[in-house]
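Here is what each chain is made of, one letter per residue.
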Amino acid sequence: MATGSGAAAAAADAEEKESGSRMITLTSNEGKAFVVTEASARQSATIRSMVDDGGCVDKGFPLPNVDSKTLARVIQYCDEHGNKEAHTVDERAALAKFDKDFIAELDADKAFLYDVTMAANYLHIQGLFALTTQCIADTIKGKTPEEIRTAFGIEYDLTAQDEEEIKEEDTHA
Amino acid sequence: MEDGDGEEGAAKRTKLSAGDGGGGEDRLSALHDDLLVQILLRVGTSAAARTSVLSRRWRSLWCLLPELDFVSIADARAIRAALAYHGAPPLRLLLVSAVGATAGSVAEWLPLAARRLSGYLGLLNVVPKTRRDEDQEGAAAGEVLELPCFGSAANLALDLGFIAVALPRSGVFSRLTLLSLDNVRFHRPCDLGDAVSSPRSPFLKRLTIQNAHGLSNLSIHSESLLQIRLGGLKGLKQLNVVAPALSALYVISCFSDPLAMSQPVADISAPQLETLHWEDAFDPSSVRFGNMANLKCLGTHFYLAFGQEDFGHNGDCLRLLMPSTELNDLENEYLMEEMTMLPDIMFLGLTVLASGHAIGPSVFHVLRMSTSIRRLELATDIYSSNPQARAACSSSCTCDLPPNWRTEELKLTFLHEVEINNFRGTEHQIALVKQLFGWAAMLKDMTINFCHSITESTARKVCQMLLSFSRPEILMNFYIYQQTTSGFVCSKALMHRTKLVA
Chain A
1 MATGSGAAAA AADAEEKESG SRMITLTSNE GKAFVVTEAS ARQSATIRSM
51 VDDGGCVDKG FPLPNVDSKT LARVIQYCDE HGNKEAHTVD ERAALAKFDK
101 DFIAELDADK AFLYDVTMAA NYLHIQGLFA LTTQCIADTI KGKTPEEIRT
151 AFGIEYDLTA QDEEEIKEED THA
Chain B
1 MEDGDGEEGA AKRTKLSAGD GGGGEDRLSA LHDDLLVQIL LRVGTSAAAR
51 TSVLSRRWRS LWCLLPELDF VSIADARAIR AALAYHGAPP LRLLLVSAVG
101 ATAGSVAEWL PLAARRLSGY LGLLNVVPKT RRDEDQEGAA AGEVLELPCF
151 GSAANLALDL GFIAVALPRS GVFSRLTLLS LDNVRFHRPC DLGDAVSSPR
201 SPFLKRLTIQ NAHGLSNLSI HSESLLQIRL GGLKGLKQLN VVAPALSALY
251 VISCFSDPLA MSQPVADISA PQLETLHWED AFDPSSVRFG NMANLKCLGT
301 HFYLAFGQED FGHNGDCLRL LMPSTELNDL ENEYLMEEMT MLPDIMFLGL
351 TVLASGHAIG PSVFHVLRMS TSIRRLELAT DIYSSNPQAR AACSSSCTCD
401 LPPNWRTEEL KLTFLHEVEI NNFRGTEHQI ALVKQLFGWA AMLKDMTINF
451 CHSITESTAR KVCQMLLSFS RPEILMNFYI YQQTTSGFVC SKALMHRTKL
501 VA
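Quick note, the sequences are listed as chains A and B, same order. Read in UniProt numbering, the first sequence has 170 at position 170, and its numbers run on one by one without any break. Read in UniProt numbering, the second sequence has 428 at position 428, and its numbers run on one by one without any break.
Any given hint could be a false lead.
Stated by the list, open to error - Only some residues are given here: those of chain A computed to face chain B with a beta carbon under 10 Å:
#1 GLU38
#2 LYS141
#3 PHE152
Worth flagging that the hints you see were computed from the coordinates, not collected in a lab. Backbone N, C-alpha and C define an ideal beta-carbon position, used for all residues, glycine too.
Extracted from the complex, chain A is given alone in its bound form:
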């Protein structure tokens, strides 16, 4: 670490980093602080690169784009995936079960699902982003346009000219 005061401190720091026992503070846009393990925080590629670049680990990371409710939920995912092992078949099955329950709960509250999706995108949490976007995609797949509009509350605002174009496309599709 660039800020290390001596060889011994740097070594201790490296050891701590290795063991993943260091704690990192993430702060929501409402000023609420969440203390998480480094392993959990490293699920986010954004935070990972800041930590690895020797960023202000001690001061914590303010996240001006994420509110407390969303951050709490995102951390729930990161804790599960960052702090638990996924080597054995059983461990992987347990994580898959967690994901399934996690996304089922989010899917019931679409607005919250979008917030978590945006936060996952902002923080570059690949697994979580894949999970939420796949969930939204699955809702779109296999539905008629009217069903999709109902599922997401999309307002029909096509003009007569649009409809004419669509009719034209349909005759060729």
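We have chain A; now place chain B onto it with these hints.
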């Protein structure tokens, strides 16, 4: 978020915090373009295209997809509409599969694809067999697809379903590393060689041309090519290759068209070549290979062991393998005797099409001339789907002659490793393996991969029999293929022993 927003994107951006909890409000449409595109990527191209009728916001969103897969939509106008959308990003992937597409329908979108493509284009045009003859007439009538120059694409794999194509006369394929053209009819005059040579394809590494008409002269001069694969170029008369970096060249059934019976003319200069498969007509007086000091693997035309040899295949094979030997007229019925010497080989790969007949005599014949081999790979009947091929021939069949292979001594003192593929455990095959144990006194490792149609119980019985011939110091590996939901991908070790109990 690393990349900049379009003007429209910035306008659509919303604050990244929970609002009033949703309700009936359409928060999905308010998401940033980038996010919606990520979602549509997971929806798939055809379903994503259908979102264009949801609302104005969704009208053209799907056109921003960086990957388009038109495997289930063959309509050229839909492809054109997606590709033509103003402000769309470079395409990393474009897949199109069509049934019976014509030169005209492909021409509607291909030039647009050439402009936007940065990655991979895969086109599969499936043409019903009855349509092919009609198309031949259509091609004569003049419908020709002008291939555009792909200035930024990395990989092109086009199966054109025998559409007639003309290559661009100018332009540089400046990022192209892989080019594969299948089932293609080149419109004359065609200078494929010019398009794939270094000045115009400076980074091309792999070139594959298969089943092509209208290519009589191919001349390639490339500093970058590593692999060239030419198969079934009907009517090819001359092939020139100057490729200092080339490591593998496959020429398969290009000159050997039985109708053309043309003299193969080729001049190959590829000093780094390690693998050469010349499964084609060969005549050392007109096919010239330059210095090939690094050659490690040589593949030849198939060789008929029995029959009245008419087709010249055996001669092609022998001229390549025994360049200094004068060949007599090949008149014997047992044709293996015409093969009197082989190069000094370390690894021998033999693919035998036995159709139920004995393989012992012919394999013995080849091995007798290859006593320095260290590794032997034997595949039996891998191309045969004929159920009769699995049945043994009648007991009166002459295939087991000459019988010397059972009695004569053969010392393969360097042979350490044997692998047999597609093993069925027939009487003929087991007889050969039994002999192999005797010939290869220093054998350390034998792997038997059973044919996928063999049941596990049959395989186990054959294993026991082979183990009874083996020696304790030989590591025996047996594999069977088990059908999984995703096809024959799972290979399972049935038995794996290092030491046998006496």
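For each hint, the structure was consulted:
no.	hint	result
1	GLU38	23 Å, violated
2	LYS141	5 Å, holds
3	PHE152	4 Å, holds
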